[in-house]
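Add chain B to chain A, keeping to what the hints say.
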Amino acid sequence: MSSPSSTPSPRVGDLLDGRVALVTGGASGIGLGMATAMARHGAAAVLACRRTETGEPAAEALRADGHDATCVRCDVTEPDDVHAAVAATLDRHGRLDCLVHNAVAGKASGPLQHPSDEGWRMLVASSLRASFECARAAHDALREVGGSLVLLTSAAGMEGSAATPLYGAVKAAQRGLAKGLAAEWGPDGIRVNCVAPVAHTPALAGAIDADPSLGERLEARTPLGRIGHPVDDIGPIAVFLASDLSRHVTGQTLSVDGGGFRGL
Amino acid sequence: MTVTHLVGSGAFVDALVAGLRALGHVVALGDVGSLADAKERVDLVVHVPAVPNEPTHLVDLTPEAWAAAGEAPLDEAVAVARAAHPMLARGDADATPGRLAWIVPTTTLGGAAGFVASGAACEGIRALAKGAAKQWGTDGVVTTVVAVAPEAFFAAGAGPHSEGSLSGPALGRTGEPEADLAPLLDLLVDPRAAFSTGGTLVADGGTWMAP
Chain A
1 MSSPSSTPSP
11 RVGDLLDGRV
21 ALVTGGASGI
31 GLGMATAMAR
41 HGAAAVLACR
51 RTETGEPAAE
61 ALRADGHDAT
71 CVRCDVTEPD
81 DVHAAVAATL
91 DRHGRLDCLV
101 HNAVAGKASG
111 PLQHPSDEGW
121 RMLVASSLRA
131 SFECARAAHD
141 ALREVGGSLV
151 LLTSAAGMEG
161 SAATPLYGAV
171 KAAQRGLAKG
181 LAAEWGPDGI
191 RVNCVAPVAH
201 TPALAGAIDA
211 DPSLGERLEA
221 RTPLGRIGHP
231 VDDIGPIAVF
241 LASDLSRHVT
251 GQTLSVDGGG
261 FRGL
Chain B
1 MTVTHLVGSG
11 AFVDALVAGL
21 RALGHVVALG
31 DVGSLADAKE
41 RVDLVVHVPA
51 VPNEPTHLVD
61 LTPEAWAAAG
71 EAPLDEAVAV
81 ARAAHPMLAR
91 GDADATPGRL
101 AWIVPTTTLG
111 GAAGFVASGA
121 ACEGIRALAK
131 GAAKQWGTDG
141 VVTTVVAVAP
151 EAFFAAGAGP
161 HSEGSLSGPA
171 LGRTGEPEAD
181 LAPLLDLLVD
191 PRAAFSTGGT
201 LVADGGTWMA
211 P
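Protein sequence lines correspond, in order, to chains A and B. Positions 1 to 264 (this note's numbering) are the ones given, in order, by the first sequence. Positions 1 to 211 (this note's numbering) are the ones given, in order, by the second sequence.
Extracted from the complex, chain A is given alone in its bound form (with noise of 0.2 Å):
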């Protein structure tokens, strides 16, 4: 069963009017759905990513929508391109309203006692590392504005993984990361939450291809019947988490996944 696509739109709501986001992993999939749906709802949108040939198209495919959007180089494992991401869309637009950390690399799949060193050393720069800076670099502007950090994170971290284990590990540190940055930030006016979804994306379809079951199992563990899609069923979370109606909303993991994990 595959989910229903999303058309073309030039603007659905203001929720975000004058707001800026930024998103890490923005050329596609979950990254993508998020910062189009923002956009939709007046934000501006920029897209982190660490090929510009892919994030400079869909940057320009949501500008032919209407939408303000622009494409920056950042490869999250770097440090310094993310903190010049930041500084480059502060440059743009003077303030930053919500930031999402969505990029992910490396593979730490098998068995757990011999694990792939370069693909959990991976795995750990692009997801926690990278968590950490990403927080560091746009901590100042999120206060400037009473902002949002937002950390993709999955089901993976909250019931662990015989499949992949360490990526459940780091799924699960960066909900760790989030919820004492709830504490700490609360006071400054910054909200830090997680998402964990599900969605058709191009690293879900690798998945299937290797594993051409993986679909089925994943649909009939959701009560909704059918895997998410990235604009329409992820995107108005991350809305959500970007505007005002997620104003006392912080610290936590919002599962989007049609109900498939249900354990919090």
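One or more hints might be untrue.
[Said to hold, decoys possible] Label-pair distances were calculated between CB atoms; the ranges are:
(1) A:Leu224 to B:Ala95: 39 to 47 Å
(2) A:Pro212 to B:Arg90: 39 to 47 Å
(3) A:Glu53 to B:Asp92: 53 to 61 Å
(4) A:Pro187 to B:Ala95: 46 to 54 Å
(5) A:Pro212 to B:Leu171: 48 to 56 Å
(6) A:Arg121 to B:Ala22: 35 to 43 Å
(7) A:Gly225 to B:Ala22: 51 to 59 Å
(8) B:Gly137 to A:Asp91: 28 to 36 Å
(9) A:Arg95 to B:Ala170: 42 to 50 Å
(10) A:Asp117 to B:Arg90: 22 to 30 Å
(11) A:Asp117 to B:Pro211: 53 to 61 Å
(12) B:Arg21 to A:Gly110: 31 to 39 Å
Don't read these hints as lab results, they were simulated from the structure. Every value quoted in this text rests on a predicted model; they were computed, and no experiment measured them. Ideal placement from N, C-alpha and C gives every residue a C-beta, glycine not left out.
Positioned in the frame of chain A, the structure of chain B alone reads:
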């Protein structure tokens, strides 16, 4: 006779060792390297991650300090798991499984200001314990995370306190590693506890009761 390896250091760990020895455990205390060098069958491996007991706000952390508090404990937990597996795994499905346990402060469950990095690492460890439980259950390895009151985990007067609680511990005290926590670890290697794996057991006298 229960053979236990403890990976960690400090007053909390020393008290645990004393408590376990009083209960008849043969305890080896060391680091990951000494665990990896051990050849004998082990019943229980306990990792107590080294986390800072002084608060530092995230924006004041250097990348090096972040790595030491937010990544190194998780790296070490992975290394402990890898080293422990061959000593804990049982070839006999009817044998009592070997148990791999981590001890973390309960403040990591709810998050604490000033302890963002160590909270991240400890939450990562909790998911690692779940993944290891799922992957190694049929190898005869079971896992547990024991979450203890920060007042017990950290040296007196240091570390975060149970700031998220609106009331004190139900039992009126936060627990002593030797008298309260070592017996719990001993219980976890009892064959009657063998069917529990992957969970977080809160042992803080009844302060943290969230799911």
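Honestly, do Glu53 (chain A) and Asp92 (chain B) meet the 53 to 61 Å range at C-beta?
-> Cβ of Glu53 (chain A) to Cβ of Asp92 (chain B): about 56 Å, so the range 53 to 61 Å holds.
C-beta pair Arg21 (chain B), Gly110 (chain A): status relative to the range 31 to 39 Å that was hinted | 38 Å, holds
Taking 42 to 50 Å as the hint, is the beta-carbon distance of Arg95 (chain A) and Ala170 (chain B) inside that range?
-> At 47 Å between Cβs, range holds.
Determine whether the Cβ-Cβ distance between Pro212 (chain A) and Arg90 (chain B) falls within the hinted range of 39 to 47 Å.
-> 34 Å, violated
Ala95 (chain B) and Leu224 (chain A) - C-beta distance against the hinted 39 to 47 Å | 43 Å, holds
Given the range 22 to 30 Å, decide if the beta-carbon distance of Asp117 (chain A) to Arg90 (chain B) lies inside it.
-> Distance hint for Asp117 (chain A), Arg90 (chain B) holds at roughly 27 Å.
Does 28 to 36 Å hold as the CB distance between Gly137 (chain B) and Asp91 (chain A), or does it fail?
-> 53 Å, violated
CB-CB spacing for Ala22 (chain B) and Gly225 (chain A) relative to the 51 to 59 Å hint = The hint (51 to 59 Å, Cβ to Cβ) holds, given that Gly225 (chain A) and Ala22 (chain B) are roughly 56 Å apart.
Cβ distance range 53 to 61 Å for Asp117 (chain A) and Pro211 (chain B), holds or violated = This hint is violated: roughly 35 Å between Cβ atoms.
Quick one: are Pro187 (chain A) and Ala95 (chain B) within 46 to 54 Å, going by C-beta?
-> 53 Å, holds
Does the Cβ pair Arg121 (chain A), Ala22 (chain B) satisfy 35 to 43 Å?
-> 41 Å, holds
Is 48 to 56 Å a correct range for the gap between the Cβ atoms of Pro212 (chain A) and Leu171 (chain B)?
-> 52 Å, holds
Figure legend: structure checked against the earlier numbered hints; hints not met, in rising order: 2, 8 and 11.
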